[in-house]
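Kindly generate the complete structure, drawing on both the sequences and the hints.
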Amino acid sequence: MTDLLLQPYVALVLLGFLPSEVWRWLGIVLGRGLDEESEIILWVRAVATALVAGVVARIVLFPPGALASVPLAVRLFAITCGFLAFYFIRRSPFAGVLVGEAVLVVGALVFGG
Amino acid sequence: MSAPAIEPPPQSATAAFLFGARTAGTSVFMFVITVTYIGFGALAHDYGLSVVWAMVSTALVWAGPAQVILAGALGSGTALIEGALAVCLSSVRLLPMVVALLPLVKGERTRAWQLVVPVHFMAVSVWVEAMRLAPGIAREHRIAFCNGIGVMLMSTAVMATAAGYFLSAALPALFGAAAMFITPMSFLVSTARNSRLFLEKTALALGLLIGPVLAFGKVELDLLWTGLIGGSLAYAIGRMRRAAS
Chain A
1 MTDLLLQPYV
11 ALVLLGFLPS
21 EVWRWLGIVL
31 GRGLDEESEI
41 ILWVRAVATA
51 LVAGVVARIV
61 LFPPGALASV
71 PLAVRLFAIT
81 CGFLAFYFIR
91 RSPFAGVLVG
101 EAVLVVGALV
111 FGG
Chain B
1 MSAPAIEPPP
11 QSATAAFLFG
21 ARTAGTSVFM
31 FVITVTYIGF
41 GALAHDYGLS
51 VVWAMVSTAL
61 VWAGPAQVIL
71 AGALGSGTAL
81 IEGALAVCLS
91 SVRLLPMVVA
101 LLPLVKGERT
111 RAWQLVVPVH
121 FMAVSVWVEA
131 MRLAPGIARE
141 HRIAFCNGIG
151 VMLMSTAVMA
161 TAAGYFLSAA
171 LPALFGAAAM
181 FITPMSFLVS
191 TARNSRLFLE
201 KTALALGLLI
211 GPVLAFGKVE
221 LDLLWTGLIG
231 GSLAYAIGRM
241 RRAAS
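Chains as they are written, first to last, in my numbering: chain A, 1 to 113; chain B, 1 to 245.
Accuracy of the hints is not assured; some may be wrong.
[Said to hold, decoys possible] Only some residues are given here: those of chain A computed to face chain B with a beta carbon under 7 Å:
no.: 1; residue: PRO8
no.: 2; residue: LEU12
no.: 3; residue: GLY16
no.: 4; residue: TRP23
no.: 5; residue: GLY27
no.: 6; residue: ILE28
no.: 7; residue: TRP43
no.: 8; residue: ALA46
no.: 9; residue: VAL52
no.: 10; residue: ALA53
no.: 11; residue: ILE59
no.: 12; residue: LEU67
no.: 13; residue: GLY82
no.: 14; residue: GLY96
no.: 15; residue: GLY100
Please keep in mind that the hints were generated in silico from the structure rather than gathered at the bench.
The model shown is predicted, which means the values in this text are computed figures rather than measured ones.
For glycine and all other residues, C-beta sits at the position ideal for the given N, C-alpha and C.
See the structure below:
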């Protein structure tokens, strides 16, 4: 019984915690000796930014689970509206997130979701 | 452009920690994290995982997309190794984020083990707020400031996970989709807000262009390549632009 109860936690550590934490630890190893003003830090910042953008594109285009039931056109339109709201409403992330979510929900209700 | 100085910078580690907690508490991420983790809690419920497991996973993994993949892999009980690999690949972003933040926050005598706990809090939300505001804080208090952001957002996330778990039956059908959509939506606008340098704006635009091309082309390790190609191209363009001016 204990084995059964513990199993999900073993899985959590082995399949969830370690595979993502390893990047944070590797970050300590690679980032500790670097200088704030160095050229390599500029490059790393660019890589980090492009990677986050890649995550954005991937979730919108190939969404997991429930989001996949919302049509692709609605997802694309919602993220575009959210970005435009952010850009034109005092560069407020609140505005972007709220407008994007509202457009997604209304779009899903109207066009099926 | 330096970080906005709204008030006198905190004078002690405790004050910096509390300032971090307050910064996080009033940021858009408080809302984003709450919605995301209510969604995750409900998802864990639907996959038949326990509420404690879901809460521990939020505190231990602390990466939304990775947790969704993990819950899916465990819930279906198949492809566990593939699941771990997918978790690992989905979290690659954490590496350059930690590398970019560390030189900004570590002191001269900070040892590696002292960074293990602070970097555990690393997530797009914490990174965005720390990169934006840490420069305005005395170097010796920056780690405390980051910990304050992390503790505030993570404890909120753990509570939201529990709330979502018990609310799962009462949530509207579209909530799950909205909770998953808030991740890319908030990543996009908060990263855009932090992209002050030409270099960062270019990297953001290139990532949005290259990511879909590689994903549609079914390229292996597409996220990793998006970061490396997009980031390197942006760096090269930025460097040429600097040389020309």
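Evaluation of the provided hints:
no., hint, in the structure
1, PRO8, "5 Å, holds"
2, LEU12, "5 Å, holds"
3, GLY16, "4 Å, holds"
4, TRP23, "4 Å, holds"
5, GLY27, "3 Å, holds"
6, ILE28, "5 Å, holds"
7, TRP43, "4 Å, holds"
8, ALA46, "4 Å, holds"
9, VAL52, "5 Å, holds"
10, ALA53, "3 Å, holds"
11, ILE59, "4 Å, holds"
12, LEU67, "4 Å, holds"
13, GLY82, "5 Å, holds"
14, GLY96, "4 Å, holds"
15, GLY100, "4 Å, holds"
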